[in-house]
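Enquirer: Taking the hints into account, I'd like the entire structure generated from these sequences.
2 protein chains.
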Amino acid sequence: MNIPETGLSEQELGERLHRAREKDTPFLSGRVLGSMCTAPHPASVETFRLFLDTNLGDPLINPGVVELRDEALEMLGDLVGAGPRSGGLFLSGGSEANFTALRLARDTTGRREVVMPRTAHFSFRKAAHALGMRVVETGLTETFEADVEDIKEAVTSETACVIGVAGNTEFGAVDDIEAIGEVGEDQGAWVHVDAAYGGFILPYLPEPVPFGLDVDGVSSVTIDPHKMGRAAIPAGCLFVEDEEVLMEGATRTPYVSTERQAGLLSTRPGAAAASMWAALNAIGHEGYRIQARSAVEIAEWFGGVMENKGATLIRKPGLGIVSLAVEENVAARELLAEEGWKVSLTTIVPGIRIVCMPHVTTENLTRFVEGLPNTLEVDDGRILHA
Amino acid sequence: MNIPETGLSEQELGERLHRAREKDTPFLSGRVLGSMCTAPHPASVETFRLFLDTNLGDPLINPGVVELRDEALEMLGDLVGAGPRSGGLFLSGGSEANFTALRLARDTTGRREVVMPRTAHFSFRKAAHALGMRVVETGLTETFEADVEDIKEAVTSETACVIGVAGNTEFGAVDDIEAIGEVGEDQGAWVHVDAAYGGFILPYLPEPVPFGLDVDGVSSVTIDPHKMGRAAIPAGCLFVEDEEVLMEGATRTPYVSTERQAGLLSTRPGAAAASMWAALNAIGHEGYRIQARSAVEIAEWFGGVMENKGATLIRKPGLGIVSLAVEENVAARELLAEEGWKVSLTTIVPGIRIVCMPHVTTENLTRFVEGLPNTLEVDDGRILHA
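Residue numbers (our numbering), protein chains in the order written: chain A, -8 to 377; chain B, -8 to 377.
For the record, the hints were derived by calculation from the structure and aren't laboratory data.
Worth double-checking, as some hints may not be accurate.
As the list claims (entries may be wrong) - List time: in silico EDC-like cross-link candidates among lysine to aspartate or glutamate, alpha-carbon distance up to 20 Å:
{"hint": "1", "chain 1": "B", "residue 1": "LYS143", "chain 2": "B", "residue 2": "ASP177"}
{"hint": "2", "chain 1": "B", "residue 1": "LYS14", "chain 2": "A", "residue 2": "ASP138"}
{"hint": "3", "chain 1": "B", "residue 1": "LYS14", "chain 2": "A", "residue 2": "GLU37"}
{"hint": "4", "chain 1": "A", "residue 1": "LYS300", "chain 2": "A", "residue 2": "GLU361"}
{"hint": "5", "chain 1": "A", "residue 1": "LYS14", "chain 2": "B", "residue 2": "ASP177"}
{"hint": "6", "chain 1": "B", "residue 1": "LYS14", "chain 2": "B", "residue 2": "GLU329"}
{"hint": "7", "chain 1": "A", "residue 1": "LYS14", "chain 2": "B", "residue 2": "ASP167"}
{"hint": "8", "chain 1": "A", "residue 1": "LYS307", "chain 2": "A", "residue 2": "ASP61"}
{"hint": "9", "chain 1": "A", "residue 1": "LYS14", "chain 2": "B", "residue 2": "GLU37"}
{"hint": "10", "chain 1": "B", "residue 1": "LYS14", "chain 2": "A", "residue 2": "GLU58"}
{"hint": "11", "chain 1": "B", "residue 1": "LYS14", "chain 2": "A", "residue 2": "ASP61"}
{"hint": "12", "chain 1": "A", "residue 1": "LYS14", "chain 2": "B", "residue 2": "GLU329"}
{"hint": "13", "chain 1": "B", "residue 1": "LYS14", "chain 2": "B", "residue 2": "GLU37"}
Stated by the list, open to error - One side only, chain A facing chain B, incomplete, derived with CB under 8 Å:
{"hint": "14", "residue": "ASP15"}
{"hint": "15", "residue": "GLY123"}
{"hint": "16", "residue": "ALA322"}
What the hints assert, rightly or not - Stretches of chain B that chain A covers, calculated by requiring three or more beta carbons in the stretch to come under 8 Å of a beta carbon on chain A:
{"hint": "17", "stretch": "-7 to 0"}
{"hint": "18", "stretch": "51 to 63"}
{"hint": "19", "stretch": "298 to 309"}
From the three backbone atoms N, C-alpha and C, an ideal C-beta is built for every residue, glycine too.
Expert: And the structure:
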């Protein structure tokens, strides 16, 4: 396939694009059950378009979108317990945020060891590999939270960073951030909390769970507006306890209108920051509260329905995530995909994962359950429950 | 500023967003003279919207957009001299592409030294710092190309990566990639070419300049569709000579529907890849050829006009970039910004930089010139020309 000599007609372009689009499963079809992304809020969609040509790498051209970004960071800071000395970075997602946290941990402590529970997101391994840091993996409790005793044993004066996960990817379990903060602080380590998913849920629960910069010892927090925040991709943020630390190892950027950059990317879509601003302002605390509590309730309801059908939950639903034990998780995912249902995997215990994002309703899930054979045997001797 | 308790009304949101937008300088105003970005092609804009909720991190959900990405990578590969064994990555921009190239260079050679000309983009310093690599900076010719003799002296058996720039950021000068490829190959180093800007111009010049994977010794090339390619931000690509090398140091991604990821980010906008596909197909070779040659011609014309006005060009215009000597470049940029003109800087020799992107026309530039005082004295004793 080559670039055509002459550009295609609008009609031909439109036809080919729509044919490709039809192969995708849009969130609003209700059939994407395993993603931590969702349909951006309508205000995010409109706003993205309005700011599509803006570049956060060059604030001189785009002071308007920079203002929206800064306002949104202030709003988000409030959600993650930022104090007056805290600072935030708008980045491309959780991976860049987690990478930046590990880099700052390495550069400020001069150490190279990362202590993290097995449930930590793969972006930490990616980052550690790039940054030349060594990962020490620690164990889990029976309910898949980080085992704090294990962390205590692993953390030494060599530890650059200890990671706690506030809503882990596979089960939505929330690590004991207060305990992890204490362990890290005792050894002079950087304590990073990955709340990429949980950051928009934990503050809105009937009994909020402490996870942010207001917890003693916590140095930084990741939160992803393009997950439960309903901004458009790419939108992830890192908040640090002490704004000044962001200049540690930041790179001089001589020809554009910023002095230094702490994140890894340079040219970045202002549209994503504006869409984050729009989501925060269009949804409001009230909207996020309803959304968070619905996710939790729907997951609990769905977990119960599946148990009644004879399925085994790997763990009780956590923050809207339901994990079902299966013998062969990849095969189960493929068979469900053939039926039009897109789920993701758990791998710590083989299973499939359903994430009750705002586009996942009880109606969708009822259709999902009704489509499964009563025995939950999917096909070909593969069994969906253990 | 806090998240509002209740979401704002559509009208209030719209008003606040439009007030912010008015502070930005859109490319189509013709007043952004110093950016390497431009208004995305109308087909890119529409396409971005159509695929706004897609995530390249999860191909199971979005096979349609993945197909567009793969087709676009094949088309772009052709532009950068990819052969049958080559592979490409769609990334967020030149910074992630350059970062990934350095990481692959480090991981495949086991060495940690980066030899690069002073004109190499700041993203290489950012990446080298993160990756624990040492930068050896080499000198320039009188016309700001990399001094190949200097590179020859600097490259040793310790060199992981030698960088050549095919269209450098400040002057648009093109390094002698054939010579650099030879030097790197002789020492078993990875040779990376940064054609983030030049990649959409060099193949379209009346006498194309070799810069890609078809040059002996070249291991990888960066090209940025969100610059002259007219895709929407964020869109940058890395091509490597040998696709298999992409698995070197790639991270396992257990729960999503990819096996491993070679890039740093995980959740990424499919919309950007689709917008790249749309731009390539809507513009075609013919459109890119016209655009590239116009940029070069307009820059030469504008350089001549400024010389007639008594200004000093730091270097003859290169690939559509005009650099004007000024005594105090930051002050000059600010004074011009007050007049509504947004230029960027040169720093190797202090100056201001005008980039003749598709939105920069002879009419805009004529208005720019007419607005300058005849003497080119800007104000306050600061003089625009040397």
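Enquirer: Next step is simple, just say for each hint if it's right about the structure.
Expert: Comparing the hints with the structure gives:
1. LYS143(B) <-> ASP177(B): The hint holds at about 10 Å.
2. LYS14(B) <-> ASP138(A): Given pair LYS14(B), ASP138(A) is violated - Cα atoms ~50 Å apart, limit 20 Å.
3. LYS14(B) <-> GLU37(A): Distance of about 18 Å is within 20 Å: holds.
4. LYS300(A) <-> GLU361(A): Roughly 11 Å separates the two Cα atoms, so the pair holds.
5. LYS14(A) <-> ASP177(B): Cα-Cα ~47 Å, so violated.
6. LYS14(B) <-> GLU329(B): It holds: about 13 Å lies between the C-alpha atoms, which stays within 20 Å.
7. LYS14(A) <-> ASP167(B): violated (44 Å)
8. LYS307(A) <-> ASP61(A): violated (38 Å)
9. LYS14(A) <-> GLU37(B): holds (18 Å)
10. LYS14(B) <-> GLU58(A): holds (9 Å)
11. LYS14(B) <-> ASP61(A): holds (15 Å)
12. LYS14(A) <-> GLU329(B): violated (49 Å)
13. LYS14(B) <-> GLU37(B): violated (24 Å)
14. ASP15: holds (4 Å)
15. GLY123: holds (4 Å)
16. ALA322: violated (13 Å)
17. -7 to 0: This one holds; 7 residues, not fewer than the three required, reach chain A with a Cβ under 8 Å.
18. 51 to 63: With 9 residues in contact (Cβ-Cβ under 8 Å with chain A), the coverage given for the stretch 51 to 63 of chain B holds.
19. 298 to 309: Coverage by chain A is violated for the stretch 298 to 309 of chain B (0 residues, Cβ < 8 Å).
Of the numbered hints listed earlier, those contradicted by the structure are 2, 5, 7, 8, 12, 13, 16 and 19.
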